[in-house]
Each structure stands twice: as structure tokens, then as C-alpha cells.
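If you're matching them up, the sequences are chains A and B in order.
When the letters of the first sequence are read in order and numbered with my numbering, they come out as residues 1 to 447.
When the letters of the second sequence are read in order and numbered with my numbering, they come out as residues 448 to 900.
Wrong hints could be hidden among the right ones.
To be verified - Listed next, the stretches of chain B that the computed footprint assigns to chain A, with coverage defined by at least 3 CB atoms under 8 Å from CB atoms of chain A: (1) 454-460; (2) 509-515; (3) 576-590; (4) 653-660.
Said to hold, decoys possible - Among chain B residues calculated to face chain A with C-beta under 10 Å, some are: (5) 532; (6) 547; (7) 549; (8) 862.
FYI, nobody ran anything at the bench for these hints, they're computed from the structure.
For glycine and all other residues, C-beta sits at the position ideal for the given N, C-alpha and C.
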Amino acid sequence: MELLKEREEQIHRTGEQPFTLTCNKDSLAGAVSQRACVFCGSRVVLYPIADALHLVHGPIGCAVYTWDIRGALSSGPELHRLSFSTDLQEIDVIFGGEKKLTNALFELIERHSPKAAFVYSTCIVGIIGDDLEAVCRNVEKEVNIPVIPVKSEGFKGNKRAGYTAACNAMARLIGTGDTTGISPYSINILGDFNLAGEIWMIREYFERIGVEVVANITGDGRIADIQRAHGAALNVVQCSGSTMDLAKMMEDEYGVPSMRVSYFGVEDMAQALYDVAGHFNNPEIMAKTQALVKEELQELLPKLEFYKKALNGKKAAIYVGGSFKAFSLVKAFRLLGMDVVMVGSQTGTEQEYRELAEITDPGTIIVDDTNPLELTSFLEEKNVDIFVGGVKERPIAYKLGVGFCDHNHERKEALAGFVGMLNFAKEVYSSVMSPVWRFTYQKAEKK
Amino acid sequence: MSKNPPNYISTTNACKLCTPLGAAIAFKGIEGAVPYLHGSQGCATYMRRYIISHFNEPIDIASSSLSEKHAVYGGGANLKLGLINVTKKYHPQLIGIATTCLTETIGDDVKMFLNQYEQEVKGEKPTMVEVGTPSYNGTHMEGFHNAVASVVDTLAGKKDTRDEGSPVNILPGFVSPADIRYLKEITKDFSLTPTILPDISDTMDGQAAKTYEKIQPGGTPISAIAAMGNALASMEFGHTMSEKSGGAILAEKFGVENIRIPQPVGIRASDRFFDHLAQLSGLPIPEKHRAERGRLVDSYVDGHKYIYGKKAIVYGEEDMVVGLTAFLAEIGVIPILCASGGKSRKFAEKIAEATGDLLPEQPQVHEGMDFYDISELAESLEPDLLVGHSKGYPLAQKLSIPLIRVGFPIHDRMGGQRILHLGYRGAQQLFDLIVNACIAKKQSDSPIGYSYM
Chain A
1 MELLKEREEQ IHRTGEQPFT LTCNKDSLAG AVSQRACVFC GSRVVLYPIA
51 DALHLVHGPI GCAVYTWDIR GALSSGPELH RLSFSTDLQE IDVIFGGEKK
101 LTNALFELIE RHSPKAAFVY STCIVGIIGD DLEAVCRNVE KEVNIPVIPV
151 KSEGFKGNKR AGYTAACNAM ARLIGTGDTT GISPYSINIL GDFNLAGEIW
201 MIREYFERIG VEVVANITGD GRIADIQRAH GAALNVVQCS GSTMDLAKMM
251 EDEYGVPSMR VSYFGVEDMA QALYDVAGHF NNPEIMAKTQ ALVKEELQEL
301 LPKLEFYKKA LNGKKAAIYV GGSFKAFSLV KAFRLLGMDV VMVGSQTGTE
351 QEYRELAEIT DPGTIIVDDT NPLELTSFLE EKNVDIFVGG VKERPIAYKL
401 GVGFCDHNHE RKEALAGFVG MLNFAKEVYS SVMSPVWRFT YQKAEKK
Chain B
448 MSKNPPNYIS TTNACKLCTP LGAAIAFKGI EGAVPYLHGS QGCATYMRRY
498 IISHFNEPID IASSSLSEKH AVYGGGANLK LGLINVTKKY HPQLIGIATT
548 CLTETIGDDV KMFLNQYEQE VKGEKPTMVE VGTPSYNGTH MEGFHNAVAS
598 VVDTLAGKKD TRDEGSPVNI LPGFVSPADI RYLKEITKDF SLTPTILPDI
648 SDTMDGQAAK TYEKIQPGGT PISAIAAMGN ALASMEFGHT MSEKSGGAIL
698 AEKFGVENIR IPQPVGIRAS DRFFDHLAQL SGLPIPEKHR AERGRLVDSY
748 VDGHKYIYGK KAIVYGEEDM VVGLTAFLAE IGVIPILCAS GGKSRKFAEK
798 IAEATGDLLP EQPQVHEGMD FYDISELAES LEPDLLVGHS KGYPLAQKLS
848 IPLIRVGFPI HDRMGGQRIL HLGYRGAQQL FDLIVNACIA KKQSDSPIGY
898 SYM
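Just chain A, with the same shape it has in the complex:
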């Protein structure tokens, strides 16, 4: 397939030339990027904070397309699953939406008694010039909860800029809560969104090794926890694209150090626990960690054998939001004896892509901010058996007669942690080994 010229430098093939890859730039007009926008970046990060009001200031679309969009579970309040909008109309666009926003905030805060309110700006708010800071400040004076503007105008950058806006919004909360009684062996979990209850599993691991979790940021998140998050001894950051800014800010302002981890795949999950235990330099915690990993692996590894045997040598392609997750997926596929032949992301950094190029096999396609037609040609070229992605990638795989594993925010299967590795293997197996492919043309012809 011929590439659009502007796209060529965003694609690299491992080993075929010295590493170069351009990324973190605006999507190319007409290329049908799989990316969303700044607003999306903010919305997905803050979304799981379950006791906050999330009000989208704009026309109805931005709110309605993000209604209950993530499988981010809450152990208590479920305010995050509602979709609130000021539903701006033409008249608001002409005369300004500040008054409507103010009144909507009062109405919703009175109705739901949230612990804080996030007000997201959308494209149009950036154009008509509503002063969200002022509106939020004025409302906050009267309602006694934090009312925080999220500067997420869709056109002001890409999804990454939205992560930053979300972190800036959360930064306003941090440092305002009481930190007494927090253990010296304590962490915040950043960048896990509790899809299918994953953060509960991860919290349980940490509790088992004697580490206290102060705040979940943001899976099953609570405002009060975030307000006292600066009292934790360490920030443990997953999905580094989305919350690393916040960790940096907390390091600068409160001296909380941070480390990057991943909970996907056996190696990375174990490494995450060891890294945290190592950070605290406490023999008891380390001993408990070793015991936990041993116990979990004894349980898991025999069960994985069946899947490894069946899936050995199958080929996988990966396209995810942030490239950090891709590392874990590459390792997880290796553990299953599978070959990763393509890996890409919407918002990866040059450093991450460079490292991916180092760990992947020669010929692996590494791609930034790709699109359906490129994906199609890669999957066809590499004769892939399973494609890992999100909802927008699914029909591409299926139309090509390729299996699919949903690893995005809508999924209902827990894929993190040790048990998540087993679920992942089952997910991959159940798509790759399904008898339905014998009816599709592609696989029928291969036989």
C-alpha cells in the first residue's frame, strides 16, 4: 500500500533501518486517525472519579458520546456514569454560555451533592470565550466543594494535551486533605482506571505485601483520597502517558517520588510489586512480595500451559492508546509463545517507540497515530492471527478474518494482575481458536 507522504516518518520497521520515528504531532487531515481529542484525553482520565460531578460545557455531542463510556467500576457512588451537559444552543453561542453554566452547576450540585465538580470545556467554549475559571470560582464560593475547570478544548492539541489538562485539574485537589495517620509504607496508584475491577486486584496485592494505598488515581477514585494523596510515600504510575504529569508535579511540590510500572503480564506485574517493595527497602515487605509472587505463579503457570500450547507461533498485532501498555503486551504475547509483528499507539513518545524497536523482533512494524487503511495493510501483510485494540479497531480485524482482543476502556474482562494474564490468554484463545473463521474467505483460502 502506498502511504501518504506525511505519514511515512511515523512508521518504522525494526531492524530495517536506524531508528527514526516522528510522533506527538497533530493528526493529518483526511487520514482518518484513530485518535480523539484533548477533551477525550481529559474525560477518560478523570472519568472514574466516582463521587465527582463531571459537567461537559458545550453542545450535546461531547457529553453524549462519553456517557458510561468506560468500564471503570466503583465500589460506592456511581455519579461518574451519568452524562451531564450544558447542551449549548445557538442562543448560548451568540450571547455566551456562562450564565447557563453557572445555573447548571448550582442545579446539579444541589441535586447530587458531589464531593467536587469538574467542568470540561469543549471546542466551542474556547471560541466563544466563556471564562470557566471565573464561573467555577464564583460557584465554588457558594457551594463549599471544589469546582474545577478542565481546560480541554478539543482543538488545542491532541489527546496527550488532554491528559495534562486532567492532571492540572487534579493538582488543584492535591494538598488540601488531612494526611495524618498515613503509613510510611504507602503509595498512590496512578494510571489504573479500574476497568473490570482491576484496581481492586492490584490494591489487594499491595495490601498483602503490607503497603497502604492512599489514593486510586483515578480508578474507583474519590475526591477525599486525591486531596490527601500528597501524604503517600510513593506514586506508582501505570499508563504513564496519562498521569505522569501529575506524578511530576507531586514530586516537585511535595517531594513524593514516583516509579513507572505496568500490571499487565506476569513479568511486569511481578516487577511492579518487587519495585515497590525494593523502594521501601523493608525486608518484611520484600519477603511478603516474594511469597505473593510465588503463590500467584504456582497458581497461574500450570493453567497457562494449555493456552501456550495452543497459541504457540501465532502472530499478534497491537494498537493501543498509550504505548507503555504495548511493552507489557509484547511480553505477555512472548510468554504465550506468540510473535508480535506490529505494535503501535495513538500517543506514544519517541523514547517509548525507540525502546519498542529495541525489544521487538526484526521486521516488526512500529507505528504512531495510524488509521484504518494503514492498519488493514499491516494486518494483511503480516498475516496476523489476533489484533489487540479498542472498539474502533475491532471491525477492521473482523472484516479481515482476524481474531480480536479488546484491551481498551470499554472491556469487561480484567486483564491486569496475575489472574488477568490468564484472562488475557483465554481472551486471545477464544478468538483465535474459534471455529467461525473457517467460514470467512481469508482463512478458508489459507487452508
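Add chain B to chain A, keeping to what the hints say.
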């Protein structure tokens, strides 16, 4: 008649989508077309995700991917670049360009940009159709109908080079791919040649294919749209769209009679549709369809006692709600609340027209509703059923009543694209669905677990 609806400032769980989404779906129903949004990248991606979750089909919507500097200096250059790139990659016959709130508000003049494109760009140039769809004005249905009107206005002519049969235009509005396949079958059974605009029957419900199709095959051929001015008549479903609809434009420009009827949902509305086809074709209703009607009536009788007097809340797009309400009224279900996020100002009137002689008392009918409003009213109305798209599920769950899934979107079940709503066959499927939902509810609520109805 309608009581005062709830009147809140904020919107919670909207019962509508934004205008460009409707335009994108309408453009997907034209052969060889790629929908294109002139706005920032997010709009296209969000809508793709939303639409894919219903149809389970690829839907590539291109975008101008505007960034901050374009918002300040205008998006013309990116629009042109985007059109060039889409042309290079997809080789479309048509690009359907819809604006967004961003580009409407910064005042981009898309017509002017397209004129410049026409002069500046050499080589392959697809047909361009543009429609203004600021999302702060109307719902996805305005976007849908305005896109259809724009397609007709731009492409329809009177020269017909085809010599096949008696052409009729059908502008069905936003119905399912299964509905459109059935409409084709019916019209052909009357020996008429239908031009259905838009036709998403293949493009949004495709087959497993040998190779990946950049643009899914199917859709209304541009040549057929060009010939719409020659048709015997146009049949347009629904009454809540603007006066300047596709059918109205064909009538005004080419004198093609525009027959506007309600969506043919249920026996009575379907009878009207079939009668018009009989009149246009000069042929009696084919035996196959008479028989389907006969079986439908027979089943109405068999099932009537299980549903009589059940109270239903119906919500969604106004024209679809009008159709469904009329159908429910004719099977003995009592519509108690009809709700839509749309604001045509014709909603209550059209429901009264469709049900007046069947219902001793009109349901509450409210425009501009969201699910918070619907939920609030539901508390005192004590409905037995919800009828609408899948976004009513949280309410159905809260009330522990069945949700009859119809329309768009169906995000929590397979096969939304294959739900049949129209005609005798659609009524048959809806009837069985509703009766069985009521029986299943009674059965699962019963401690006995009886095994006969």
C-alpha cells in the same frame, strides 16, 4: 393532553445525538461516499466509535483535524488538504462534508473553500456535497435530513438515462439496514424501481468479504440520485423534519409529487404505505404481502390478552416514536409517555393524528427531554414497558421492567442493524418481541415457573 414537562437547565443522559453524526450516517448511505467532518479530530473519532458499537461495521469518517492555529486563522487549508488525502487514499465517488460547532462558530465558509479547491486542485476529484451541521442547533435527525436534502439539492436532476421500470423515490429517514432491504423487496414486488436515499442496507450491514473494502459496497448510486427528478413520486417517511426536505426539493425543482406518510410501523401505517404503492404501480397488493398482513392480524388476535392495557414509555427520534406509538395503540398497549430529545414542535400533534381514534386519552408527549426527565416522570407513571434504543437500559433496570430495543443506538445487544421495524413484517417482529417480553417477565416473576403461556 400533555402536562407541563420537567424544565431543567442542565441535560443529564441526553435522548439525542449531535447533528454531524446524523449527517455522517446519511452520507454512508450513498454509493462510494466517504463522510468528512470539518472540525477537530475528536468529533469524527467519537462518532465512529458510537456508530461502530451499533452496526459492528467499519465506518471511516475523515476529519480536517483542526488545531489551535486553524481555529484562529480558519480551517480552509486543512479542509483542502484533508479532501486531497481522502481522495488519494479512498478514491471515493463522493465526499460528504458536514461542518461542526467549531467551524460554524469560527465562521469557515465551506462553499468558498470548495470553490477554491475546485480551481486549485488538479486530477481526480470526487463529487462534493456539503451540509451545515452546527451541533448546537438541532439533533442528529436534523443533521440526517439536512444531509439528505443537500444531497438531493446538489445531485438530483431530471435526465434519466435508465430505462428500467417505474422509478419511485423513497426517503425513509433513519431506519435500519434490515428495514431498507425490506423496503426494496416490497417496492420491487410492485414492479416499481425504487431509489432509496440514503441506502445503508449494505454499507452498514456488510457481508464477510474476500478483501477489505476501503469503502463498503452498496449505497444509493449517484446516477440514481441524479435521476430522482424523473420519478413517479417520492415517498417520504415522517413529519417532524424541516419543510425543506429531500422530497420537498424534488417536488419544487422537478414537480415530483412528494407523498409524506408516517413511518410505516404497525398495520395501519403500513396499509397506507402499501396503498400508495398500489396506486403508484397500478397493481394490487401482491399476495405475499397480503398473506403477511393476514398472519400479522392472526397473531395480534393470538397475543392480545398478554399485552392489553400494559403501559409503555416510548422514547427516541420523534418520527420513530410517532410510528411506534401508533403501533402500540393498535395492539392494545397504552402509551403513557412519548419523549424525544428533538424539538420539532410537531411531535404532540403528529402523535394525536396517528392515535386519536384508538386512545381515549392521549399520552404525555414531550420534546426536548433527557433521561433524567423521563426517569422522573416514570416514577409516577408506573410503566410496564420501555420502548426505545439501548440508552434506556439504566431506567429499565431501575424499574425492573422489560426494554424493547428498537432504533439507534443498540449498544448492549447484537444485531441492532438487523432489527426490522417497518411494514407488516416489522410489525410482526415487534409484536412477538413485545408479547414475549411481557410473558417472560410474568414467567420469571412467578414462583411457580409455569411452562405454558
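Going through the hints against the structure:
For the segment 454-460 of chain B, the stated coverage by chain A is satisfied: 6 residues place a CB nearer than 8 Å to a CB of that chain, which reaches the threshold of 3. Remark: the segment 509-515 of chain B is confirmed as covered by chain A, as 7 of its residues place a Cβ nearer than 8 Å to a Cβ of that chain, reaching the required three. Here's how the segment 576-590 of chain B fares: 5 of its residues keep a CB closer than 8 Å to some CB of chain A, so the rule of at least three is met and the hint holds. Beta-carbon proximity to chain A at under 8 Å applies to 6 residues in the segment 653-660 of chain B; the threshold of 3 is reached and the given coverage holds.
Hint status for residue 532 of chain B: holds, given a least beta-carbon distance of 3 Å to chain A, under 10 Å. Using the Cβ-Cβ criterion of 10 Å, the hint placing residue 547 of chain B at the interface with chain A is satisfied: the shortest such distance is roughly 7 Å. Here the hint on residue 549 of chain B is kept, as its CB sits about 4 Å from the closest CB of chain A, short of 10 Å. The criterion of a C-beta within 10 Å of any C-beta in chain A is not met by residue 862 of chain B, whose closest approach is roughly 15 Å, and the hint is violated.
In the structure shown, a violation is registered for the earlier hint numbered 8 alone.
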